[in-house]
Amino acid sequence: MSDIREVELARDLLAGKEEAFDRFVETFRSKIFRYSFMMCGHREDAEEVSQETLLKVFESFDQLREPERVKAWVFRIAKNACLMKRRKSVFAPSQELSLDQFLPASDQDGGHRKLQIADWSELPDTQVLRAELRDVLSRAIAGLPEIYRGVILLRDVEELSTEETAAALDVSLEVVKTRLHRARLAIRQELDEYLR
Amino acid sequence: MSVMEPETGKPFQDCKELFALLSEYLDEELPPGTCEQIRAHIAGCPPCVEFVNSLRRSVDLLHKLRTGEAPGPLPEAARDELRRAFRRNREGFHA
Numbered sequence: 000m001s002d003i004r005e006v007e008l009a010r011d012l013l014a015g016k017e018e019a020f021d022r023f024v025e026t027f028r029s030k031i032f033r034y035s036f037m038m039c040g041h042r043e044d045a046e047e048v049s050q051e052t053l054l055k056v057f058e059s060f061d062q063l064r065e066p067e068r069v070k071a072w073v074f075r076i077a078k079n080a081c082l083m084k085r086r087k088s089v090f091a092p093s094q095e096l097s098l099d100q101f102l103p104a105s106d107q108d109g110g111h112r113k114l115q116i117a118d119w120s121e122l123p124d125t126q127v128l129r130a131e132l133r134d135v136l137s138r139a140i141a142g143l144p145e146i147y148r149g150v151i152l153l154r155d156v157e158e159l160s161t162e163e164t165a166a167a168l169d170v171s172l173e174v175v176k177t178r179l180h181r182a183r184l185a186i187r188q189e190l191d192e193y194l195r
Numbered sequence: 000m001s002v003m004e005p006e007t008g009k010p011f012q013d014c015k016e017l018f019a020l021l022s023e024y025l026d027e028e029l030p031p032g033t034c035e036q037i038r039a040h041i042a043g044c045p046p047c048v049e050f051v052n053s054l055r056r057s058v059d060l061l062h063k064l065r066t067g068e069a070p071g072p073l074p075e076a077a078r079d080e081l082r083r084a085f086r087r088n089r090e091g092f093h094a
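Quick note, the sequences are listed as chains A and B, same order. Counting in numbering that gives the first Met the number 0, the first sequence runs from 0 upward without gaps. Counting in numbering that gives the first Met the number 0, the second sequence runs from 0 upward without gaps.
Next comes chain A alone, as it looks inside the complex (with noise of 0.2 Å):
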């Protein structure tokens, strides 16, 4: 769901309160750039999508008949904004994700079956992600393919809920829970080996 102040930020842009404008702009400003950005992989593209997207959304918010989807809404109009700029991605080619290749590998330790993994307890466990440890985040959301990139942002960095994120992509919940699940295994794996 939005967050409650995003849906009465929405019920004031709808009621016209002028004071709503500057806090809509602030609070999803940011939050597009964001996703934009990851999207296209260009920073001058990104700032275009969230100009474009909120001029969108400014033009036709009296079409927003659901505050409590505002968020759902505003991705939809970023996603197709992404769409219409039509520049390659920077980043990897389309294709599946299957989920054979994140299964990850076990041998035997005295009669116990181990899994090769690294050890995740020296992930420090801190509110803000270190410099380091968020590049390797970002270059693995960012060698996704598109398809499960935009999931993965839209769920986990923007914590939309699976009903949001199906409505901004235009795809079915199985479909998001599908590549969200893929999407999610490939960052842990990238994780996992960066902390080898």
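It cannot be assumed that every hint is accurate.
Partner residues are not named here, just some residues of chain A that face chain B (Cβ under 7 Å, in silico) [as the list claims (entries may be wrong)]:
#1 Phe-32
#2 Phe-36
#3 Glu-58
#4 Gln-62
#5 Leu-98
#6 Trp-119
#7 Ser-120
#8 Leu-128
Please keep in mind that the hints were generated in silico from the structure rather than gathered at the bench. None of the values given here were measured: they were computed from a predicted structure. Heads up, the beta-carbon is just placed ideally off N, CA and C, and yes, glycines get one too.
Starting from the structure of chain A, add chain B where the hints point.
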């Protein structure tokens, strides 16, 4: 890979069977019975505990990425363009 159909009541025989369901498990989007079966398997399977924990940590880290790249300041001309669109729409909507 064979994945158990949800709600059959059959316990998971091995780790591969629940591998495809782990994100839905973490997101609490599975039927309660299937969640319970996964929990029961994981309780007796240290490799699954390790893997599920690493997947959970990955998702936690992704949530923290929200504080990342930020746009530059919004130029006044761009803000004015947006404000004009807002006012035009408001006037039409509330006319």
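Evaluation of the provided hints:
Proximity of Phe-32(A) to chain B holds as hinted, the smallest CB-CB distance being about 4 Å (cut-off 7 Å). A cut of 7 Å between beta carbons decides the hint on Phe-36(A): the least distance to chain B is about 5 Å, and the hint holds. Interface restraint check: Glu-58(A) against chain B, minimum CB-CB distance 5 Å, threshold 7 Å, status holds. Using the Cβ-Cβ criterion of 7 Å, the hint placing Gln-62(A) at the interface with chain B is not satisfied: the shortest such distance is roughly 9 Å.
For Leu-98(A), the interface hint holds, the least distance from its beta-carbon to any beta-carbon of chain B being 6 Å, beneath 7 Å. Proximity of Trp-119(A) to chain B holds as hinted, the smallest CB-CB distance being about 5 Å (cut-off 7 Å). With a least beta-carbon distance of about 9 Å to chain B, the hint placing Ser-120(A) at the interface is violated under the 7 Å criterion. This hint holds: Leu-128(A) has a C-beta 5 Å from the nearest C-beta of chain B, less than the 7 Å allowed.
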